[in-house]
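Participant: In order, the protein sequence lines correspond to chains A and B. Read in my numbering, the first sequence has 253 at position 253, and its numbers run on one by one without any break. Read in my numbering, the second sequence has 292 at position 292, and its numbers run on one by one without any break.
Take the hints with a grain of salt, since some may be wrong.
[Claimed, not checked] What the simulated footprint calls covered on chain A by chain B, stretch by stretch (three residues with Cβ under 8 Å from a Cβ of chain B suffice, anywhere in the stretch; the number is not a length):
1. 5-19
2. 254-266
3. 370-376
For the record, the hints were derived by calculation from the structure and aren't laboratory data. Note that beta-carbon positions come from the ideal geometry of N, C-alpha and C, so glycine has one too.
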Amino acid sequence: MRLFPIRGGIHPDYRKELASEQAIVVLPMPTELFIPLQQHIGAPAETLVAAGDLVKKGQMIARSQGAVSAPQHAPTSGRISAVTNAPAPHPSGLAQLTIILEADGRDEWAELPEPIADPFAATPQAIKDRVAASGIVGMGGAAFPSAVKLNLGIQLKLEILLINGAECEPYLTCDDRVMREHADEVVDGARIMAHALGAPKVVVAIEDNKPQALAAMARAASAYGNVEVIGVPVQYPMGSERHLTQAITGRETPAKKLTADLGVVVHNVATARAVRDAVRLGRPLLSRVLTVSGGAVREPKNIEVPIGTRVSELIAFCGGFNSEPSRLVNGGPMMGQPLPSLEVPVVKGTSGILALTPEEVNDAAPGPCIRCGTCVTICPCGLSPLEMAAFIRNDKLDAAARLGVQDCVSCGSCSWICPSHIPLVHYFNYAKGMLMEQNREERKIERTKTLAEEHATRIERAAAAKQAAMAAKLAAGKEKGGAAAEEKASA
Amino acid sequence: MTTAIQTRSGPFTHTANTVQKTMTAVLWALVPATLCDLYLFGWPAILLFAVTVGACCFAEALCVMAAGRPAASTLSDGSAVLTGWLLAMSLPPWAPWWIGVIGAVFAIPLAKHAYGGLGQNVFNPAMVARVAVLVSFPVVMTAWVNPHPLFSAGAPGLADAINITFGGKQPDTMSAASALGYIKTELSRGIPVSASMQHVPDMMDMAFGFRAGSLGETSALLILAGGLFLMVRRVISWHIPLTVIGSLFIMGTLFHAVNPERFTSGLFHVFSGATFLGAFFIATDYVTSPVSKLGQLWFGIGVGVLTWIIRNFAGYPEGMAFAVLLMNALAPIIDQYTRPRGFGRTRRGEPLPLNDKVGQK
Ligand code: SF4
Ligand code: SF4
Numbered sequence: 001m002r003l004f005p006i007r008g009g010i011h012p013d014y015r016k017e018l019a020s021e022q023a024i025v026v027l028p029m030p031t032e033l034f035i036p037l038q039q040h041i042g043a044p045a046e047t048l049v050a051a052g053d054l055v056k057k058g059q060m061i062a063r064s065q066g067a068v069s070a071p072q073h074a075p076t077s078g079r080i081s082a083v084t085n086a087p088a089p090h091p092s093g094l095a096q097l098t099i100i101l102e103a104d105g106r107d108e109w110a111e112l113p114e115p116i117a118d119p120f121a122a123t124p125q126a127i128k129d130r131v132a133a134s135g136i137v138g139m140g141g142a143a144f145p146s147a148v149k150l151n152l153g154i155q156l157k158l159e160i161l162l163i164n165g166a167e168c169e170p171y172l173t174c175d176d177r178v179m180r181e182h183a184d185e186v187v188d189g190a191r192i193m194a195h196a197l198g199a200p201k202v203v204v205a206i207e208d209n210k211p212q213a214l215a216a217m218a219r220a221a222s223a224y225g226n227v228e229v230i231g232v233p234v235q236y237p238m239g240s241e242r243h244l245t246q247a248i249t250g251r252e253t254p255a256k257k258l259t260a261d262l263g264v265v266v267h268n269v270a271t272a273r274a275v276r277d278a279v280r281l282g283r284p285l286l287s288r289v290l291t292v293s294g295g296a297v298r299e300p301k302n303i304e305v306p307i308g309t310r311v312s313e314l315i316a317f318c319g320g321f322n323s324e325p326s327r328l329v330n331g332g333p334m335m336g337q338p339l340p341s342l343e344v345p346v347v348k349g350t351s352g353i354l355a356l357t358p359e360e361v362n363d364a365a366p367g368p369c370i371r372c373g374t375c376v377t378i379c380p381c382g383l384s385p386l387e388m389a390a391f392i393r394n395d396k397l398d399a400a401a402r403l404g405v406q407d408c409v410s411c412g413s414c415s416w417i418c419p420s421h422i423p424l425v426h427y428f429n430y431a432k433g434m435l436m437e438q439n440r441e442e443r444k445i446e447r448t449k450t451l452a453e454e455h456a457t458r459i460e461r462a463a464a465a466k467q468a469a470m471a472a473k474l475a476a477g478k479e480k481g482g483a484a485a486e487e488k489a490s491a
Numbered sequence: 001m002t003t004a005i006q007t008r009s010g011p012f013t014h015t016a017n018t019v020q021k022t023m024t025a026v027l028w029a030l031v032p033a034t035l036c037d038l039y040l041f042g043w044p045a046i047l048l049f050a051v052t053v054g055a056c057c058f059a060e061a062l063c064v065m066a067a068g069r070p071a072a073s074t075l076s077d078g079s080a081v082l083t084g085w086l087l088a089m090s091l092p093p094w095a096p097w098w099i100g101v102i103g104a105v106f107a108i109p110l111a112k113h114a115y116g117g118l119g120q121n122v123f124n125p126a127m128v129a130r131v132a133v134l135v136s137f138p139v140v141m142t143a144w145v146n147p148h149p150l151f152s153a154g155a156p157g158l159a160d161a162i163n164i165t166f167g168g169k170q171p172d173t174m175s176a177a178s179a180l181g182y183i184k185t186e187l188s189r190g191i192p193v194s195a196s197m198q199h200v201p202d203m204m205d206m207a208f209g210f211r212a213g214s215l216g217e218t219s220a221l222l223i224l225a226g227g228l229f230l231m232v233r234r235v236i237s238w239h240i241p242l243t244v245i246g247s248l249f250i251m252g253t254l255f256h257a258v259n260p261e262r263f264t265s266g267l268f269h270v271f272s273g274a275t276f277l278g279a280f281f282i283a284t285d286y287v288t289s290p291v292s293k294l295g296q297l298w299f300g301i302g303v304g305v306l307t308w309i310i311r312n313f314a315g316y317p318e319g320m321a322f323a324v325l326l327m328n329a330l331a332p333i334i335d336q337y338t339r340p341r342g343f344g345r346t347r348r349g350e351p352l353p354l355n356d357k358v359g360q361k
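The shape of chain B in the complex, shown without the other chains:
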């Protein structure tokens, strides 16, 4: 580009929307679920959340300054906070502090700035980080705890929490399994789904969050509410969330109908694990999903189906993060094949044929 910007073409007016406003809306949408979950899992969760978000912001500032740009303006776009927030939501709430910090290192310098910063990364930074720490520290990353609401009997106080998060003193109670994990373990021991389902929390408890899991896996309904808020505000559209949840539900229902001893129901899949968080907040990440609506439909279907496959056939109980990353890799190709049809052209780019009944003499 050599032409100077002074003779710049219009428009000479602009929407009030900005990147910062978009990110802020997403953060607001996460607030209710986050508050609820921080309350449920108490001080250790609050500390881990603060460490993770703080580490991501710090890493962002360092990367931006290393590139010779002022950190303040980039930080204010809110994308680093969001990455840290989503990462924190996907960790076991009582995990030690260094999990958050190592996650931040994977998320910001490696998954984002190594690709060129905001908008350039192929993979969702928060999911890269989650998968990286999960693969590197599988024991810590699957040590779930049952909810210990703040100030309730048996809940750790601030001092205990500091010990848990920073002192490496994990209490014995940390043996709970998430519903998906429990069913998977039982299956591997030869116990059919129909039997193990008796022991997982009932659907209502799962929806409201009274169950073991990462922050973002609990309180599905508040996450759903946040997602709907984003749709109403038109920050995201229905295309990705609906196809993710829809295809997961259809896969689950179909296979459950065929073999209920082996496969859990579609509804169970929808309400367990990180389905809502993934469908509304992670798969919808602008940077790493396709840009056209048609592409987003394919992308969402891919995420839903892959999540179901990984949950049922791979070594890990939860497949959302892997599914999103796999589809992230495909997004550029999906983009190429799902460009809209140009005005006056066929799908293949040829001018439309002239209908010779009109116009010609």
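Okay, chain A solo, but in the shape it has when bound:
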């Protein structure tokens, strides 16, 4: 298949070799799990349990609330010790409503929904319902409820389900391992999703730096004519949905549209596997594979971790730190977020935990922009980071918006390459947040205004109607009066 070039991009130090040869190991069940009610984009789940309740493994403990939401399930059997605010893996470190589960060590399964024996005979709706009930969210990091994304096939005619195995973030190797060790499950899950979407074709895109994963997936896909496995160039951020879609199809997603508008839906490999487990086995999403790596970790590993495990337990499982880490990162080093503490739990979107040494972080105080232009050359979105940053620094958000700051995918390439260490993405995230806020405000004002206007016109209309009625009455009265006079006259 012909590939298409994508603009810009960088080649960071990948350091995948730290963990790539470590087979996935299963973490022994922790004694305590912390399950936040919001692990996804959208509305938080609503708890179904209270302190003291006994739950079984796989039992739903919080149900989805609203159109974009996802339920949570108990990763093991045990007793709910509290439903309370606890630290969450959000960079702000703010506490979040969390279900705390004390494991009883028996790991007893609850009654699970029936496996769907032949998913391809089932209706797309049945698959989507199962995915929704299983609490599956995008596991590449975005954590968007997968069932909602599977609905895209209803309004749009889809051509390709693109399975994202690019794993372009440095250090992370969990998708690589999942593809190497569970290729059949991933392909099966992908085919099930394609069926639910009504997409005739599945393309699995994997960066060329993962030859074993490419081989394993190609082998697993060889039985199916409509599943194609493609190696894509190693070029960060190849894993960005829009860019991967462009690399595979040559189609450029218009601003403010979705790749689905071009007939392409993108899902992550781990999500495909989770869908397969939910459909074929009836198992909800209870655990995920993630990478613990970085120069400060004694034994980097790929681990299958129950949702709700605290990061500190993972670090201990990996032999602890061999030096004081300079940064703890939730996710990959390019787009991940700073980890507020080791006490936060792993959630469904956690693809990696990194403990980086000062040399790896290579931080320095920002210097002046020397206008080297590299950030312009490498920006995969065709933006001009130095100019946008200059505007934002001077609080000219509108000017930055005109230059397209809202199109920025926050890939971090510009910050990474800036020889002056200017925190460009930080500026852009700030600006995007502020602009969104402004937008919301404006919309609110707009809405209040239309409401007020509607109210006013309603009153006007009512008044006019009243007047008209009055006039009619008056006219009628006159007529009557007139008629009476006439009558009188004629009498």
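Assemble the complex: chain A is given as a structure, and chain B with the ligands must be docked to it using the hints.
Facilitator: Structure of chain B with the ligands alone, referenced to chain A:
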């Protein structure tokens, strides 16, 4: 910006590249040509070079300290050394010391720090300085000498050199003209190019540096080698050098074909004057050139064409410095019109139209 940097967004890794490394690479790229030229022009050139670079560093330190910042960290970025170095390369090698010092005053406090320091200046500081001293001291600035290689017969020793550079004792030999200057003077006397070309050094000598001129104008091949080294190291890209040299060559060749009595050949233009130094080291200055590759192409073409025009029609034989400054002034405008096309948008910033054959039901 009000948000604190502690919750700073990623990335949590960074390229090893720094401003300092970039500047150091540029300095290394200049070393071979500089050594060769210092050897060719001997002690007076060495003294002038040291004075000019020293004065620029000193001026930088003063400016930074006046702004209340520590001088050491700013000096270590290497930009002041580079400015001084490029300025020295553009002076007549036997010019007196005060030319270097006055140049430094124009370059650092006036052309750089008055605009706000590194990254803020609109004009290339070294070229501002060169043009300023050229306009103010035209006689001294056009007193070229033929090469007097170190330790060769007739070359000034250290003591003579001190007299030349610091004592104002310019020897009589200082009457040589640069090739560009010679042809221009001859033309003004009514002697056609075809005749005067017989007397300029042949192309090989020009390429290797055996000719009169400023440090940076001689040994074109070593400058070229340094420029290629910078390209290989990806400090600069081909866009500016190629368009500068290319457009100069095309202009020269075209007009030479039309009127060989009046215009020198394209190749002559490429190998004479400061073409290579300008194309690889001066026009490529990050701060004062456009940031997008498309903008750099336009910028390079502008520099090449303007250089040719000034060399042929203006009062000065060499036009590179003027051309660069003129294009520096245009760089912000070029930047505005050559921004890349945003992903998913048209050149004018509208979202791309949806191809309604795909996607829609
Ligand atoms: S501006 Fe945004 S999209 Fe462009 S490189 Fe920077 S972070 Fe990536
Ligand atoms: S990479 Fe940094 S120094 Fe270079 S132009 Fe962009 S912001 Fe300026």
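Participant: Hint by hint, say whether it matches the structure.
Facilitator: Now for the hints, and whether the structure bears them out:
no., hint, result
1, 5-19, "holds (count 4)"
2, 254-266, "holds (count 8)"
3, 370-376, "holds (count 5)"
No hint from the list above goes unmet by this structure.
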